[in-house]
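Turn these sequences into a full structure, and let the hints guide you.
There are 2 protein chains.
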Amino acid sequence: MRNYFTIAFFCSALVLCAYCMALAEGPGEWTAENSDPRNMGWMQGVPPSPDARITIAAGDFFNFPKLRWTVCNIRDLLPTIEVSRGLGAPVPLDYVPHHEFADSRAEIDALTFTPMGSDQEMTWKASLATNYTDGMLVLHKGRVVYEWYSGCLTEQGKHAIMSMTKSTVGMLAEILIAEGRLDDTAPVIDYLPELAKTAFGNATVRQVMDMTTAVVFDENYDDPKADIWIYSAAGNPLPKPKSYQGPVGYLDYLLTVKQDGKHGKAFGYKTINTDVLAWIVARVTGMRYHEALSEMLWRRMGAEQSAYFSVDAAGTPFAGGGMSAGLRDLGRMGLLLLNEGVINGKRVFPAKVVESIRQGGDRDAFVKAGYDTLEGGSYRSMFWVLHNKNGAFAARGVYGQTIYVDPTAEMVLVRLASYPKPKNALIDPTSLPAYQAVADYLMTK
Amino acid sequence: MRNYFTIAFFCSALVLCAYCMALAEGPGEWTAENSDPRNMGWMQGVPPSPDARITIAAGDFFNFPKLRWTVCNIRDLLPTIEVSRGLGAPVPLDYVPHHEFADSRAEIDALTFTPMGSDQEMTWKASLATNYTDGMLVLHKGRVVYEWYSGCLTEQGKHAIMSMTKSTVGMLAEILIAEGRLDDTAPVIDYLPELAKTAFGNATVRQVMDMTTAVVFDENYDDPKADIWIYSAAGNPLPKPKSYQGPVGYLDYLLTVKQDGKHGKAFGYKTINTDVLAWIVARVTGMRYHEALSEMLWRRMGAEQSAYFSVDAAGTPFAGGGMSAGLRDLGRMGLLLLNEGVINGKRVFPAKVVESIRQGGDRDAFVKAGYDTLEGGSYRSMFWVLHNKNGAFAARGVYGQTIYVDPTAEMVLVRLASYPKPKNALIDPTSLPAYQAVADYLMTK
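Protein chains in written order, with numbering that gives the first Met the number 0: chain B, 0 to 444; chain A, 0 to 444.
By construction, these hints were calculated from the structure, which means they are not laboratory data. All the pointers check out, no bait thrown in.
Copies of the same chain look alike in the list, so a pair counts if it fits in one copy or across any two.
Distance condition first, Cα-Cα at most 27 Å in a straight line; then the derived DSS-like pairs of lysine-lysine:
(1) Lys65 <-> Lys239
(2) Lys224 <-> Lys241
(3) Lys388 <-> Lys367
(4) Lys65 <-> Lys241
Source: prediction; values computed, not measured.
Following this line, the structure appears as structure tokens:
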């Protein structure tokens, strides 16, 4: 039984990685190079030797350094559900001409910046390894100026985007609002009466979208009875032990959430808000969340790969963090955010969607959450808004995932990564100033 | 523990469905219409009500009528591995002009034939429901003349192809032979020395390809110690109980197979031959099987969807029957077989590949296996060769899957289905004469 729960917990660590800090081992002597899955030999050979295998049973597939293989291969280990790209021809991204591309890549590699809290300059090129980067894409004025793959990722692979999944839900909710199908000032129960007796019952859709709900959701990993473990066990798609009495599936868990204070006062980054929002999207559209994402975004933007979600035992995709996608398709998502809903000359959704996200959330409410590397920022519609001089905003996921949109520099930057620790505050010091350096460079072009 | 094995067995029934006769319930009062998953409501609603759910835990997802949902949704329930189509534009299939298409569909629907062992005529249209057909595609001279979806399948969905998976392995092996990279007269141990002490040690590659090896592989479902259950448990990707002592993964099982008589004397349809052949393909190409299939076939033929495989805990795709794919992509495979390796004017593999398959296997060896509905036929390179007047040959999978190639009528026919019983001999009487009727009709065009 104990063994089962070990497996269940680690599995949950995968589907709930925003929360698995306690499970990750420190980097120690691990560098980006010596932890590269190609060098580690994970799953190489037919069959791979037992010590080269990464399995569900071993329970450590999301521990570093195995993490660096797993982020590209979640479907090999767990049930997943497809976000179809449809059947048509993908719309290729535009690239700067070949000779310019080589130049721009070399010039960006050579850019230097000063990491936060440091007085030592670092090159862009060095920052890639420092941040255990698996994929990096930079678009300027709609054209690719930089593209780089490493570790487990190739241009034909898919990478876990972790909590960037949340931003897809925020986008869909904003689209429904712009189309007049969803009212963000309405209480959640207008859409989900089944949540009447929960903390969400008297929250507004907007409070859920901006994570200013006041909900009991304890993420103390040292306490085996903490809510996070109950949520993890609920979402685990594998068969539960006979003695299991808890909720089955994410949505079943949401029915149990209790209120803790007054909604709308403070930002609190709690994944369960996203799963409520995805449920609302499902209810309004009459589609399961992954189908809505396919219909409303993935098929329309010319995606070149289908994406996928991890899924619970009730067939609910994990909207809080379970999506995997290709690097360039995330670049397409970024272009839609930069260009206010237009890609390849085609409007995919109303400009209002991005206007709403970009304006940011309640900055006073955000201060209380104490994000040192994001001082002065805010959170709106499942996006992080920097409120910096360039008006940048971002989707962010643990272990270093980002889609960073800089409207002033007309830049979209996508990074996929497998940093040893699930703490973006450790990665931001060598990331945010680096992104600004690229933005400054592109503004001279 | 008992409970675990129940789950393990049923799960294995999924990945080894060629063998799950004993598990399937009879059709009883079930018709194609009342068992249609859309009418049953499986997995509808967010979340679906408990009695509308199909789960791993319940252990019955491959029982009829749930089977009819599961065949289109295996990845939602189990770990799977992608056969990438690549990133380019798919090559659309050619269709007869729109007005002709409506006519040809109506004409084919109205065709009549006499089922084997019957004196009652049946229409083609009626045969679709009789055989619990989920998808039907007919191509004539390279153009689609008939296309039909029902049950769980849509043109954007993927369906379990069961033992038709084997035929992909046979094709790849024939390609390697034609390219001079694989010698089918050589002993298996030339490629897989690790099999030296097994039944396969002194078999030739050809004997494996044509399933004329003499191997101990007991498929008696009533005996819980039968080999089939050991193989099933080995291939089950879910964590094994602590007390489990058996092989882990399909390939680990293959190391234990003992000989039973002399190779080359009789045809014996035993799935383990295919997994040996896929292992040989992996060894020769230096790729995992699903990667080789992607590189050698799926990317080259203009596939419009990636396909996927169920996978064991060692990351080995189940080559014996674990693939799911789209209807039209199977049509592309059929066109390559009809046109000796050419599709859309492009040669994908040498003509020799199809010449070898089409000539058929040892008909005397085949007789001994006693396939009543395939009298006079043979088995070669994981294909069924009918040796009928039209020279037809086919990939076949349990529950009614087929790619049927008729070179004389220049016809390719693909059927995906979810028949209540895993016994193609029950489906052939209303299928093979129906296919011949369509071929006869097309030859008049």
